[in-house]
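Participant: Fit chains B and C to the supplied structure of chain A, relying on the hints for placement.
From first to last, the protein sequence lines stand for chains A, B and C. Count along the first sequence starting at 1, add 1389, and that's the number in the working numbering. Count along the second sequence starting at 1, add 1389, and that's the number in the working numbering. Count along the third sequence starting at 1, add 1389, and that's the number in the working numbering.
Worth flagging that the hints you see were computed from the coordinates, not collected in a lab. Note that the coordinates shown come from a computational prediction; the quantities given were computed from them, not determined experimentally. Careful, some of the hints might be misleading.
In this list, chains with the same sequence are indistinguishable; a pair is considered to hold if it fits within one copy or across any two.
Only pairs whose alpha carbons sit at most 20 Å apart, straight line, appear in this in silico SDA-like list of lysine to any residue [as the list claims (entries may be wrong)]:
| no. | residue 1 | residue 2 |
| --- | --- | --- |
| 1 | Lys1499 | Asn1513 |
| 2 | Lys1492 | Ile1519 |
| 3 | Lys1492 | Asp1439 |
| 4 | Lys1465 | Asp1439 |
| 5 | Lys1465 | Asp1440 |
| 6 | Lys1492 | Ala1447 |
| 7 | Lys1568 | Asp1602 |
| 8 | Lys1407 | Ser1580 |
| 9 | Lys1581 | Arg1404 |
| 10 | Lys1581 | Gln1401 |
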Amino acid sequence: MELNKTVSEDLQKIRDQKPLLHHITNMVVMNETANATLCLGALPVMAHADDEVEEMVAYAGALVLNIGTLYPQLIKSMIRAGRQANDLGVPVILDPVGVGATKLRTDSAKEILRELSVDIVRGNAAEVSILGGFEGEIKGVESMGGSGDLINVSKEFAKIHDCTVAITGEVDIVSDQSKTLKVSNGDEMLSKITGTGCMATTIIGGFASVQEDKSLAAAGALAMFGLAGELAAADTGNRPGSFHVALYDRISMIQPGDLKDNAKIEIVS
Amino acid sequence: MELNKTVSEDLQKIRDQKPLLHHITNMVVMNETANATLCLGALPVMAHADDEVEEMVAYAGALVLNIGTLYPQLIKSMIRAGRQANDLGVPVILDPVGVGATKLRTDSAKEILRELSVDIVRGNAAEVSILGGFEGEIKGVESMGGSGDLINVSKEFAKIHDCTVAITGEVDIVSDQSKTLKVSNGDEMLSKITGTGCMATTIIGGFASVQEDKSLAAAGALAMFGLAGELAAADTGNRPGSFHVALYDRISMIQPGDLKDNAKIEIVS
Amino acid sequence: MELNKTVSEDLQKIRDQKPLLHHITNMVVMNETANATLCLGALPVMAHADDEVEEMVAYAGALVLNIGTLYPQLIKSMIRAGRQANDLGVPVILDPVGVGATKLRTDSAKEILRELSVDIVRGNAAEVSILGGFEGEIKGVESMGGSGDLINVSKEFAKIHDCTVAITGEVDIVSDQSKTLKVSNGDEMLSKITGTGCMATTIIGGFASVQEDKSLAAAGALAMFGLAGELAAADTGNRPGSFHVALYDRISMIQPGDLKDNAKIEIVS
Chain A
1390 MELNKTVSED
1400 LQKIRDQKPL
1410 LHHITNMVVM
1420 NETANATLCL
1430 GALPVMAHAD
1440 DEVEEMVAYA
1450 GALVLNIGTL
1460 YPQLIKSMIR
1470 AGRQANDLGV
1480 PVILDPVGVG
1490 ATKLRTDSAK
1500 EILRELSVDI
1510 VRGNAAEVSI
1520 LGGFEGEIKG
1530 VESMGGSGDL
1540 INVSKEFAKI
1550 HDCTVAITGE
1560 VDIVSDQSKT
1570 LKVSNGDEML
1580 SKITGTGCMA
1590 TTIIGGFASV
1600 QEDKSLAAAG
1610 ALAMFGLAGE
1620 LAAADTGNRP
1630 GSFHVALYDR
1640 ISMIQPGDLK
1650 DNAKIEIVS
Chain B
1390 MELNKTVSED
1400 LQKIRDQKPL
1410 LHHITNMVVM
1420 NETANATLCL
1430 GALPVMAHAD
1440 DEVEEMVAYA
1450 GALVLNIGTL
1460 YPQLIKSMIR
1470 AGRQANDLGV
1480 PVILDPVGVG
1490 ATKLRTDSAK
1500 EILRELSVDI
1510 VRGNAAEVSI
1520 LGGFEGEIKG
1530 VESMGGSGDL
1540 INVSKEFAKI
1550 HDCTVAITGE
1560 VDIVSDQSKT
1570 LKVSNGDEML
1580 SKITGTGCMA
1590 TTIIGGFASV
1600 QEDKSLAAAG
1610 ALAMFGLAGE
1620 LAAADTGNRP
1630 GSFHVALYDR
1640 ISMIQPGDLK
1650 DNAKIEIVS
Chain C
1390 MELNKTVSED
1400 LQKIRDQKPL
1410 LHHITNMVVM
1420 NETANATLCL
1430 GALPVMAHAD
1440 DEVEEMVAYA
1450 GALVLNIGTL
1460 YPQLIKSMIR
1470 AGRQANDLGV
1480 PVILDPVGVG
1490 ATKLRTDSAK
1500 EILRELSVDI
1510 VRGNAAEVSI
1520 LGGFEGEIKG
1530 VESMGGSGDL
1540 INVSKEFAKI
1550 HDCTVAITGE
1560 VDIVSDQSKT
1570 LKVSNGDEML
1580 SKITGTGCMA
1590 TTIIGGFASV
1600 QEDKSLAAAG
1610 ALAMFGLAGE
1620 LAAADTGNRP
1630 GSFHVALYDR
1640 ISMIQPGDLK
1650 DNAKIEIVS
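Bound-form chain A, shown alone (with noise of 0.2 Å):
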């Protein structure tokens, strides 16, 4: 219960400061997080353009890059405002959205850890095994509900990477070099809609914003994002149009206490 009063006063540190989360992301979802960041209490922004990401990022609590519909141009921004948050100590929080469909994406989310200090990496279990380089020993991660593979994927991730990697699923397993945990918030109906991975990693940014210890952040997002998604599910049942708008809803309105009494957040590693 430790972790849980730590993540529910996290979340009252967002309502509090409303941290500004800048976001270099794509163009389905720009709408989405934009809304998603306002439930969560902190303020969103989204801009791309070369000129401007150095000076916009100054004002940001989180940088939050998705390379949904990445562009060769995009990818110079997103590096060009990483390195301004790694001056400022800001947390950079990647999304590989795609990585191993296609050279462009896996190249381009290489490029971006090699080139930035990423703090979170968010992506599902195909994601994250291929940008790790696990291709060939993770077969069937999609059935496979966050069992011991992953938790040592993550691991490995964690350390190859010197980062903190968040794998979401049907449980979702969140590494440092240091500790592994588990969450398992969560509905199904999470992936009836398009873009909640990519909410997901904009809430790791609001939560990153407050918290040092970034595996903690994450999981707090986690276990809040999935909370929303469960009480969404409970008001609207199969039908993915009003559990869209439900989410929303559900996001603002659970409340610190609400997190504490229900975050699913245990210590595997």
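Facilitator: Leaving out everything else, chains B and C in the frame of chain A:
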């Protein structure tokens, strides 16, 4: 009822096979068409970088091209993706948004039709007429309600461009070179929110990925989307925000049996 | 009540004439402003390719420029479209999103104001103050609630830039060079979702397309949008996802008579 049986089986195939629909589309509807894809039971990807479209289309069940917010580089990516799709036998669907309004749109749509083998074009009466070169012949198409002239336009278009064409409006007309179908599902509320034409094109992509007969694919998709519109309008009345939400719910809730019982497709020529 | 009668007649004109609102706008709100346009009763088009903006603006009742996700080429397209709009007498509305946050935003907004005859600028107190050169003079504008200083800022801004200006916030202030209006409709929930400022600008574009007196156009639009916010908040309470949906419903449901009865517009100078 033989047609209805076929299109309901096609819907079941989509739900079973979960084809990837690769979109190179406009910035207004990226989220909305991705969500429509998920509600249909398929998987969306939005990828338009010149360097990755050939790889991405190799995974796809269909390639959806939509020129709603076009710019010259995007058209190049569409043609590159489309050539690969043609080589691999992946169906190509074109939505020529706003053709006729500007020279760039008209020239770009014509270039796509010239450079690629397009399987299905989906547009409104004005767009299809202009792209078929019939401007002078069918005046006031918007008020015609899909009667005689549109059938002739669609047949001629299919012949000229060697493809299937779907003209959507109060009644939808679908022609290939051997037959013409009329689809009477739909609701006026579909014209009260943006992106429903684009969503229809997306759903045509889904049906085209499992059905060789492309006019049947287009008719089945339009019947299903129109039925979802009818059901959503019955849920929400004349409230466009609520209708938009219910439309996603209803796309996802329609089962093959519902489509078999309620599709209004007939052969008219 | 003479003002209310005029703005209600303007709403009727929009519903009758269905003007096309040409947007060159940001990627976050393209769908949302297109849907707000349809709910208002006008027709949206989003077109930003340099090669087509002159043709497109020729069909338009108003040109809406929004720099929310600007990049240098987009500003060039805005200026090209705006010159054509000026030549054709199409009203130009500018939303200087984030001016002051980065040099690119400030320089771009100033370039637009210098190169074009802008009819109406719509921004929050900070944006308008910075663009008017008043940074040092009005501290803490966000907490001022639209009292004295903002009226002076708006009057000075209108004089300097020879245009109408609308400062939106808890209370909205609209000035041209001859009069200043205060609009008191609105609800705090409008600040809980993204894009409501951009939607307000879109609706100003709609009213500007039917009303020569641009401060009256802006005031009517802000009264209508604020009233929609009040009604939507009454429907949904403190739930931002549900409020977003209800906001579209309410924009579309407001009739001229409702606006006549409930607009809170007064002349303050």
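Participant: Each hint: holds or not?
Facilitator: Do the hints match the structure? See the list:
For a Cα distance limit of 20 Å, the shortest separation of Lys1499 from Asn1513 inside one copy, 16 Å, qualifies, whereas the shortest one across copies, 40 Å, does not. When the C-alpha separation of Lys1492 and Ile1519 is checked against a cutoff of 20 Å, the pair qualifies only within one copy, where the shortest distance is 12 Å, while the shortest distance between copies is 39 Å. Proximity of Lys1492 and Asp1439 under a CA criterion of 20 Å is satisfied inter-copy only: 12 Å between copies versus 23 Å inside one chain copy. In this assembly of identical chains, the alpha carbons of Lys1465 and Asp1439 lie at most 20 Å apart whether taken from the same copy (7 Å) or from different copies (16 Å).
Taking identical chains as interchangeable, the C-alpha atoms of Lys1465 and Asp1440 lie at most 20 Å apart whether they share a chain (11 Å) or sit on different chains (15 Å). Taking identical chains as interchangeable, the C-alpha atoms of Lys1492 and Ala1447 lie at most 20 Å apart only when they sit on different chains, with a minimum of 13 Å there against 32 Å within one chain. Taking identical chains as interchangeable, the C-alpha atoms of Lys1568 and Asp1602 lie at most 20 Å apart only when both belong to the same chain, with a minimum of 11 Å there against 56 Å between chains. Taking the shortest alpha-carbon separations for Lys1407 and Ser1580, only the inter-copy value of 14 Å comes in at or below 20 Å, while the best intra-copy value is 28 Å.
For the homomeric pair Lys1581 and Arg1404, the shortest alpha-carbon distance between copies (13 Å) is at most 20 Å, but the shortest distance inside one copy (28 Å) is not. Only between protomers do Lys1581 and Gln1401 lie at most 20 Å apart by alpha-carbon distance; the minimum there is 17 Å, versus 29 Å within a single protomer.
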